[in-house]
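S.K.: With these hints in hand, go ahead and build the complete structure from the sequences.
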Amino acid sequence: MSKDPLLQPYQLKHLTLKNRIMTTAHEPAYPEDGMPKAKYRAYHAERAKAGIALTMTAGSATVSKDSPPVFNNILAYKDEVVPYMRDLADACHEHGTAIMLQLTHLGRRTHWAKGDWLNVVSPSHHREASHRAFPKKMEDWDIERIIKDYADAAERMYAAGLDGIELQAYGHLMDQFWSPLTNTLEGPYGGSLDNRLKFTFDVLREIRKRVGEQFIVGVRYTADEQLQGGLTMEEGLLISDRFKDSGMVDFLNVIRGHIDTDAGLTDVIPVQGMRNAPHLDFAGEVRKRTGMPTFHAAKIPDIATARYAIDSGKLDMVGLTRAHMADPHIVRKILAGQEERIRPCVGANFCLDRIYQGGDAYCIHNPATGRELTMPHDIPPAMEHKKVLVVGAGPAGLEAARVAAERGHAVTVMEAAALPGGQVRLTAQNERRREMISIIDWRMAECETLGVNFRFNTWAEVDDVMSEAPDVVIIATGGLPHTEVLAQGNELVVSTWDIIAGDVRPGKNVLIYDDAGDHAALQAAEVIAASGAKVEIMTPDRTFAPEVMAMNLVPYMRSLQKHDVTFTVTYRLESVERHEGGLLARLGSDYGGVLNTRHVDQVVVNHGTLPLDDLYFELKPQSVNLGAVDYETLIAGAPQTLISNPEGQFRLYRIGDAVSARNTHAAIYDALRLVKDI
1 MSKDPLLQPY
11 QLKHLTLKNR
21 IMTTAHEPAY
31 PEDGMPKAKY
41 RAYHAERAKA
51 GIALTMTAGS
61 ATVSKDSPPV
71 FNNILAYKDE
81 VVPYMRDLAD
91 ACHEHGTAIM
101 LQLTHLGRRT
111 HWAKGDWLNV
121 VSPSHHREAS
131 HRAFPKKMED
141 WDIERIIKDY
151 ADAAERMYAA
161 GLDGIELQAY
171 GHLMDQFWSP
181 LTNTLEGPYG
191 GSLDNRLKFT
201 FDVLREIRKR
211 VGEQFIVGVR
221 YTADEQLQGG
231 LTMEEGLLIS
241 DRFKDSGMVD
251 FLNVIRGHID
261 TDAGLTDVIP
271 VQGMRNAPHL
281 DFAGEVRKRT
291 GMPTFHAAKI
301 PDIATARYAI
311 DSGKLDMVGL
321 TRAHMADPHI
331 VRKILAGQEE
341 RIRPCVGANF
351 CLDRIYQGGD
361 AYCIHNPATG
371 RELTMPHDIP
381 PAMEHKKVLV
391 VGAGPAGLEA
401 ARVAAERGHA
411 VTVMEAAALP
421 GGQVRLTAQN
431 ERRREMISII
441 DWRMAECETL
451 GVNFRFNTWA
461 EVDDVMSEAP
471 DVVIIATGGL
481 PHTEVLAQGN
491 ELVVSTWDII
501 AGDVRPGKNV
511 LIYDDAGDHA
521 ALQAAEVIAA
531 SGAKVEIMTP
541 DRTFAPEVMA
551 MNLVPYMRSL
561 QKHDVTFTVT
571 YRLESVERHE
581 GGLLARLGSD
591 YGGVLNTRHV
601 DQVVVNHGTL
611 PLDDLYFELK
621 PQSVNLGAVD
631 YETLIAGAPQ
641 TLISNPEGQF
651 RLYRIGDAVS
661 ARNTHAAIYD
671 ALRLVKDI
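The numbering of the sequence shown is full-length UniProt numbering, which starts it at 1 and goes up by one.
No lab work stands behind these hints: they were computed from the structure. All figures in this text were calculated on a predicted structure; none of them were measured in a lab. Virtual Cβ for every residue (Gly too), placed ideally from N, Cα, C.
Distance ranges between label pairs, derived from CB positions:
no.	residue 1	residue 2	range
1	M248	G408	53 to 59 Å
2	F456	G593	52 to 58 Å
3	D378	V594	51 to 57 Å
4	T184	R275	33 to 39 Å
5	D311	T261	32 to 38 Å
6	D378	S589	49 to 55 Å
7	F456	P380	26 to 32 Å
8	D311	Q214	28 to 34 Å
9	G358	V462	43 to 49 Å
10	D281	G581	51 to 57 Å
11	G581	M557	30 to 36 Å
12	H563	H14	53 to 59 Å
13	E285	H14	26 to 32 Å
Derived EDC-like pairs: lysine to aspartate or glutamate, alpha-carbon spacing no greater than 16 Å straight-line:
no.	residue 1	residue 2
14	K18	D4
15	K198	D142
16	K676	E406
M.R.: Quick look at the structure:
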């Protein structure tokens, strides 16, 4: 038997978990009609077949109709969920993986205009900042019916053959009862700590009546809200003791913090540039105090940290949740002695931020995650080997090279720069975003293992391509900043790239015009503000930086607000001209009737990129397909067979920003779904 702490079995009551690695409950927003159908099942089954010990589904499944899901959650209040959960359980059990589901009532953490338009309920009228609903203060009959709803939902999961359930108690209804900030009830459910805990223990007692003593029931909870006037660490430790003493709770899944604001949520689930494993020691203190089985996850991004968490005795099971979105085959690679080939989580949080904007969870650099029904995690070999030439070594080009090499093709990459990475290498110059470079480093390591031939400092031209006699040419040359967006004065502005790369020094009084809403504008603002300059970020949109999204925005705001950066929305930069030794920026508005000005000494424009596509168009007439892509075939996941020019010498495709300005995920997805069938 292996001596690796992560590979040791763990006995949880009657259940033997085959190793110490789990994914904690999270809602990838894959349900269909509130049910975990084929897409949801395939997502969890992929991790199960790779050897994970425990997969915790849902984040969270809702138990009541007045807890309408806001991230396409599983509807555990419907009887029809049982056969779908049974199929999911069978798919995991087939590979020896235990499966549980997290249950919740969202309380005030939802909105009345969702679902059936029922009142949001909570133990007080206090609104949650994130979801903005003013709740109804609960009555006795609300409490009675929701206790029953919890028990009904637990009974459904028991009937579905799951190994257990977990109750969610951070930011949701259960701990809204616990916190003095969100419980203004009187009588048996408000006031003292024991009164505030009564709802939780009433739920536990009713669940145990339905599922018996053997079915595993745990709680994922905050043991310290880290919020003035909220639940303290001392109270959280007392709650931990109460769980142990009750005999009704089989494991504790500990978190620390609060999630009622974007900033609070981001401290609970840190993003890139923030400290790794910030709450691990705290979870270890809970385990030491209670002696109970203790689980935990919060930015534990790598195997070394996970191994330490188990070996040091801080945890019994370690959650590698976002890490498994980046690579669902972590356990298989550990068992095979291939830890260095694990695709790293870079903490970009594209997954969670998409959920909070109403989208499906996707990993920024593993586009097969969540698309298991159509995209492979393991690339199948090709029947016929070809010569593939990739031009460009950014994320799209490197993914194309990696996938083509996995297929068994002979791959050459030409790159104009001295180093790979493209825009990712640029963005990784920011200290907080340096983890992004792992997207490039991992692909370079894989390509080198697979024998890809790289030619750096090579500006590819038509003759260079033709001399290779390729069967397939993939243009992944990316783009360059598009700054000619003004009616007048385009020659007077600089790009965000100029600032980030250090090619242009920041001014003293700077206007950043952000018409793209992505990271580049905020990164440039950080560089400029840190130099001591006065900075204003302006956008024509009604919100700024929409592509950055909520949790990624938090570190930027903490940095920029300290420098007193001004944020201005709904104004459009129309022109720039020289004026009195500086620049005069003229502003308008899409809403009309406004003409304004700013006197500054530097204008920085962020308006996406224009494709570097000259080589593509020069090669197009000599290609078999004239550069065309059959979209129906692409979407269906079948090989491209278009022949528009029978005299052509190769197939030609372009991907990523060489087509149009998008993001890293889109560029890598372009490459995977095209090249997997070459």
